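Order-wise, the sequence lines are chains F and C. Once you know that position 487 of the first sequence is 496 in the numbering used here, the rest is easy, because the numbers rise by one and skip nothing. Once you know that position 132 of the second sequence is 119 in the numbering used here, the rest is easy, because the numbers rise by one and skip nothing.
Some clues are possibly wrong.
Unchecked claim - List of simulated lysine-lysine pairs, BS3-like, C-alpha gap at most 30 Å: (1) C/Lys224 with F/Lys25; (2) F/Lys598 with C/Lys308; (3) C/Lys311 with C/Lys195; (4) F/Lys353 with F/Lys605; (5) C/Lys(-1) with C/Lys36; (6) C/Lys36 with C/Lys437; (7) F/Lys371 with F/Lys306; (8) F/Lys353 with F/Lys363; (9) F/Lys500 with C/Lys398; (10) F/Lys306 with F/Lys598; (11) C/Lys213 with F/Lys25; (12) C/Lys220 with F/Lys25; (13) F/Lys353 with F/Lys230; (14) F/Lys230 with F/Lys174; (15) C/Lys213 with C/Lys350.
Claimed, not checked - Non-contacting residues of chain C with respect to chain F, defined by C-beta distances greater than 12 Å in every case (computed): (16) Arg(-3); (17) Lys43; (18) Arg47; (19) Gln87; (20) Arg107; (21) Pro250; (22) Val304; (23) Glu364; (24) Tyr389; (25) Lys398; (26) Arg526.
Simulated from the structure, these hints should not be mistaken for lab results. Note that the coordinates shown come from a computational prediction; the quantities given were computed from them, not determined experimentally. Cβ atoms here follow ideal geometry from the backbone N, Cα and C, with glycine treated the same way.
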Amino acid sequence: MDRKYSCSPDASGPLKAVANRLARMAALDEVANALRELRAFGVFPGQENGDTVLTAGAEGQSHSHPQDDCRRVGIWEKQTDSGHFVRRADMIEEWHLWANAGRIFVNRAKRRVILIGESVARGYLFDPQYTPAKALESILISQLGPGEVEVVDLAKTNLLLEQMKTLARAALRLQPDVVVIFAGNNWLGAGFRSAAVPELATAVRESGIAGLKRLMEANHKECVVDAVREIRDLYEANRVPLVWVMPEFNLGDWRDPSTNAPCLPDGRNREWLEHWANAREALANRDFEWASDCARKMVELDQGTSATGFHILAECSQRAGDLERTRAHMESARDALIWSPFMKTPRPYSVTHKTLREEAVKGGVDLVDLPRLFRAHTSAIPDRRLFLDYCHLTAEGIQIAMAAAASRVLRIFTGVTHPWHALARQSAAPARSVEAEAMFLAAIHNAHWRQPYELVRHFCQRALELAPDLANVMSCLIDIQTKRAPVLMCKSAERIVELPFPSIQQYLLRWNYRQFDRVLLDAVVDSLSAIGIDQRTQLNALRIEERSAARYPVELLDAYYSSSCEQQLAQLGVEEEMPLANIRADYYKAYSPESKFVFVGESGRALSLFLTCRLPAGAAENGSVSLELNGRDKVELSVGTGWQSREITAPVEAVKNGINEIVVRWPSPGPHGRERLEEAADDLLANVFPEFYPVFGEIHSFTVTRQAAAEAANA
Amino acid sequence: MSPQILEWRRSKRLNIIGISAGYHDSACCLLQDGELVAAAQEERFSRIKNDKSFPKQAFRYCLQAGGLTISDVSCVAFYEDPTLKLGRQVWMALDGDTPQGRRDAILDRIVCPRPESIIRRSLGYQGRIEVTDHHLSHAASAYYFSGFPDAAVLTVDGVGEWPTTTYGSGRGRELGRFEQVDFPHSLGLYYSAITAYLGFEVNEGEYKVMGLAPYGNPTLVDRLSKLVQVEPKGDYKLDLNYFDFMRQDRMYSDEFIALLGQPPRRPESELTQFHMDVARSAQVLLEDVLLQKVRYLHSRVPSENLCMAGGVALNVVANSKCLKEGPFKRLFVQPAAGDAGGALGSAAIAHVRLTEGPPSRAKLKHVYLGPGSAPGEVAQLMTSSSARYRDFRNDEPSLIRYTVDRLIEGKVIGWYQGRMEFGPRALGARSILADPRNPEMRDRINGLVKMREAFRPFAPAVLESMAGEHFDLDHASPFMLEVCQVTCRQPLPAVTHVDGSARPQTVSRESNPRFAALLEEFYRRTGCPILLNTSFNMRGEPIVCSAVDAVNCFALSGIDALVLEDFIVERSGIPPLWDLQARRMDMRKQDSGVGHLVYTLF
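Same shape as in the complex, but just chain C:
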């Protein structure tokens, strides 16, 4: 019998690839007939934190996850309009005082290849390309995955093309906006300026400002109010005399420093009460402005549902305040609310354009959309080395019991299971787990792995069925995007913030059966259905993606045990060369995709 050519069974589905790239957090996703099938950030493959380069590896992953070849792709959607964005950048250069370096950067943008060109030349794609508006991509990434039949939609970020904030609504397949605030007036840039002033990295450190805030007092709100002037309707303005991002490679101006009365904090230096007060005041101001604008939005779109997206929507404290004190009954924030999530929104918009119908209207139930290990891969990894491991294949209950034993002993566990999460949070697929009742656990994990600032709390994972008994939470919150008060009678020092709040992830059997089983067993043994859950990565690294990444992180860190699918390796079982392997990977050249001191405007 000779080789034969068979009829290629082309995918009959509508396969849309969404891409975000170029400024920070490149990502790719696949919608198949409107259903979200795969999504991943490029940084997880390249191991370059916040990788902004074109997501080639994520693209190939999405094809593979969908069982597709490039010829099966119906459409590629790109998450922002480069011409509109260029207009905003050119406008910045028209200011007579713009330094030459900035002008050169703008010329760079004009002469560099356009995204469509890169999609064709680099990815090799030949078919239809849809370019979608940046904020519309944000809006779509939330609305079309919310499960709401209708909703008000608010997007807030640093800047996309021109808009920095948009107000819109969705009903059925229709999604539109009726008002926007344009650059340079931006709540995102305001918060980033505070971030930079407090000595944290822009686009990375905003979360830290939010975490620092509860330690401070709102004594500087009046002063900070000069930075942001609330205008009627949806409008607001920054007083640009306090900001320097228009011209300099610095977010804040000398006037800003004079207003606050102290010099900017040097990175890694001690945090004082003043810094905490700045953080608190900045947070209060952000919340106040957002709440006003949320109320305005409701006056225009009197839905019960609110969708939020854009980088500022990752400020879970502000979100929670908007929900609790605002007029909306329900809030949905898509877990990858930053630019990576633009890939989802862009793909959803393309779906609407191609089909004139909405993508799948089911609410996004989980974000386990990244790659998992191939069958047999982990087993092969274990047997290839001289690692001492325990094999729990076909015996999940024993795996769970063993893991819980270690947790109760106070061990820190690296937990690698199934498909990787999409978005910035680890949600029980690529997690580090520990006993939240242990008062030393926060410092221990910081010392072993995270080396983060001591003020930052870790987050809890809790069984969804029991969440209401331990947190002031009356609904499922599977993505760690809400803050609520801890009501648990048992002290949970490792996951409770100084103001008694926490940012829980509710876990159900439906979304993550093994993680739920772990929580159930922990509850059965301790009476506590909660675990500390933080992301599986060393400081400065992306969250682990593959099993080898997990092994490398385990070897380099001080984590006590690694649960790798059905296998468990204790620290004592690590062969000597695993450490060398991890260090070798660690020493690879790494470039940050994001400017450290200033927002990536170019």
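The following block holds chain F by itself, in its conformation from the complex:
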């Protein structure tokens, strides 16, 4: 046969031996590590130098944006015959993220304002019944007259930085007179995406997590500058005025999970934990000076890479009445986790604000500075008055933001400055029932992001005040969150569909992820009780019937249950847009000295707990792990670094009817020193998810079931 191959394809030839030998060498860890680093530095041809970025998702799936298609604007596509833009049917799974508009007309009769933005610009939790675009349009119409102006709503929930750039380019196809961009919350992963892996690994190796944080801030700034300049230059070239609404964060109410510090150099995590324990004790004793002192030491040790110390400082400052210092600490808390790949809520960082302000000063961007605006409006730290959650606005917040935007737009159109506070009165407001829905959805959303009971209860109560009929929905929620059948296979879900609350239907039935929801359901029950509706009995009975461990074996690591424990890090998972998502452990890791779990027990039914756990690699042998049930009954287990399984009996006397709590206390891990950070850096290069936090213990399974032996004995 003709041989067209330059090398012999004959597998019996000498090249086979060469290949096999190379493979054996490459299988050695040292060689594979060297190749990884060389590749990460772009040494091999075909790789862009230094730009290798790990991809998120299983098996290295990449998340790339579609190339600009000159016929598309978001989910709308230009029709050849009419020239109008029509929603694409093949993108129907995305429709709910955008405005509910089937068509965008190419109509030059009115002045056209385009609103581009993220979920905050969608009016998340109000959408589609009430949106910032509607508020903005109502204000503009009130000043310019009906038929004179329209607002085209291109806001999209989950809009990311690169998508925003694409959309900003595409928006020009709609021939806007002004474009308003309301964005800056969803740029969380920007720093990671642009950073080359070697840079990340080097930062961790040389400067620990604090170095990683600095790198992320620098990269984030770079991304923001690039994005703003690109859009500004494009719009200047096309002579389209640009108004940028810079978002704010719910500093007053939002609390990121209080977590342990990440791995600190020189084994200082133990010291950090001691200061944290002291700070908690101080707060309990209302000794705010001591608490402040401890918190300062925490921040000094962790160099601002944990929100925990800042939250304590903020609380102390607040009690001392020092508003400015409180705000500063809250901002630092918000910024602390910019380096972390674990999921966190969208937010604008200080570096985002600073960069946007700096770029606005250079011209070409008319900046609506919401942080400053809200500060001036309320003279207080922004909180639940203006925010439904971490960044999404209440009706008042939307009206203020859009009034400020309208003020800029009107100045562009008419040359006249209208004070925003006057315009705010002209803004459309949501109907009471719409606002009530938003409040209730906010209660759910806050609860699912582990916010305190008090905040969740606040929103439940507000919802009922605005629309007492919501009590029916709340009763249904108790049912669908507790039942074992899938949400949409519950009768209560069918009842929700029949109730006149379209936003709740959309969010609850489309996006609801069932959880044990201890805080939420307590808040719901207590709010209903306050208006004379007793659902406590029903909830307790339903929990027993559907979730009792005496009836159905329960795996406490299952997301339904562990969502109610306090292991926020493990629960929240990793940002989808982040890289570093490969090879994650498929078992529980304790990132704190205590792990808390809940389950439902039944009076008169003894249970057995089956725990398979171990201490992390490198821990001292024979560490003592304690397991405490309901705050009183305690056992001690001797645990090593190999998996060990134990059965722990919980006699009838120890089991409560309803919710039971287990606290597992782990021994303190040994000092980590540099080696943990070196391991994390190596893992980054190996495309393995790195452990940035100390691990106290690991659980492979933790099941609770009825105690067969006790039942047999009693039979």
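Mind docking chain C on chain F? Use the hints.
For chain C alone, kept in the frame of chain F given last:
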């Protein structure tokens, strides 16, 4: 009384977990003291078709099925040697004309974490790991579960590490091979090239080529013979000028196209007589080569028994020809003969290594090795919703009668019972059933659920005791792995292929009592002990696993009734939100684990 710590009753059994993962069809299995206790493919849990990611969920299922914790696992066996495989991949890159994309892919393989590392870091396993050769895993998956005291063993697939075909023998606990054909010469890749040329997905569409073949004439065998040159003994060679998988993301070359004289078929476009002739000719060539090699194998291993495994062993038409016309008297093909079955073989080899004895020598009687519903789960599902259902708990005869009534009426039934099957075939646990006598049934099921090509027949399930009266079959064939002629006097248009053949599953009370009872009742009422049996899934989806999966598929499809353990829901009894639930699940992001156009070499 206070809580107490009890002595953990560690499993005293030898618990071996077998894993296949990384390229396509990840799976996990559990051998306990040599007995196969559990097995499942990851796709059934993840709902990602052909999921190749590490089988974390299947792993946890196997532990749970065996009543184990991770500390009870004696050994994890991995189904192929990553270093040997890397050698083959590196060799491909040494070709000077290899495009950069391919070289990058090879570098990916070098720098990505090794399976042992993933087993330790991701699964958390700390104990002994055994790595077994890919084709030896295939061979073991067949031989050690065949029940044969000795056998010749033939494995044929696309490629594992280096071998694509191996010839071996088994006797007692010993299993070895004496000859192999190495990459790039591969009957599996030859057939996959034909598959791709005919516009079907590689690793998925080979079955369609086999099904299309009876419609064609073997007019192109001579031409196709240029692709595969049979060499002495067990050897053969592909003429690589006709194949492009070495360098391109395409299986066949321009010379291949020129040889056949027509451009490749675009996917989903019309199938012409030419395409059918290609399929037929390719099938004839495969059968001829296999038969020659089977005869050769018998000359070296003159056993009465033959075991086959590897993806090509799923070509049941070729298997049947090898058995009928070949020198062996008995043939065993393990139902998950593809890579998923490698998990079984790997675990079996590990068992031999650890104990120096074979795993259980009983023949594999069934493959109901996956998860079933927990007690009370289905009842709770029914009572939670406003579905209108019939409750036949403690009244199986009535359930059976009701179901048969519907079948006779011409209804299509979703049938969910007991533990899920392991392997690509539905065998009466996760099945769609219908009356095979109905001439419209094939089109009806295609329209409702399968949306498959019209030429593909469905398969029958028949009572084992009566199989010989209706099919040219003189032995039990419980896994739908043999083809035979339909001899039934009653026409069975829905399950009879154009050449009069069928691929039956024989059903016995011993292996599946409820399914057998259904067939018995159908026979009693109609005189026909046969039902149409196809897998319970929509096109493009994995076979349903859980009761909720079954409900989702039922709601989305046009199936008339769902038999869910002891409960029956008619189409009219579906609450409106079930449809929304199913669509919501359907819209979840899905990634195919397998390349569509080309074999997964990397």
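Right, here's what the structure says about each hint:
| no. | hint | result |
| --- | --- | --- |
| 1 | C/Lys224 with F/Lys25 | holds (17 Å) |
| 2 | F/Lys598 with C/Lys308 | violated (55 Å) |
| 3 | C/Lys311 with C/Lys195 | holds (23 Å) |
| 4 | F/Lys353 with F/Lys605 | holds (21 Å) |
| 5 | C/Lys(-1) with C/Lys36 | violated (36 Å) |
| 6 | C/Lys36 with C/Lys437 | holds (15 Å) |
| 7 | F/Lys371 with F/Lys306 | violated (39 Å) |
| 8 | F/Lys353 with F/Lys363 | holds (21 Å) |
| 9 | F/Lys500 with C/Lys398 | holds (28 Å) |
| 10 | F/Lys306 with F/Lys598 | holds (26 Å) |
| 11 | C/Lys213 with F/Lys25 | holds (25 Å) |
| 12 | C/Lys220 with F/Lys25 | holds (22 Å) |
| 13 | F/Lys353 with F/Lys230 | holds (19 Å) |
| 14 | F/Lys230 with F/Lys174 | holds (16 Å) |
| 15 | C/Lys213 with C/Lys350 | violated (40 Å) |
| 16 | Arg(-3) | violated (7 Å) |
| 17 | Lys43 | violated (4 Å) |
| 18 | Arg47 | violated (8 Å) |
| 19 | Gln87 | violated (4 Å) |
| 20 | Arg107 | violated (10 Å) |
| 21 | Pro250 | holds (21 Å) |
| 22 | Val304 | holds (29 Å) |
| 23 | Glu364 | violated (8 Å) |
| 24 | Tyr389 | holds (23 Å) |
| 25 | Lys398 | holds (23 Å) |
| 26 | Arg526 | holds (18 Å) |
Violated hints, listed in ascending order, are 2, 5, 7, 15, 16, 17, 18, 19, 20 and 23; each of the other numbered hints is respected by the structure.
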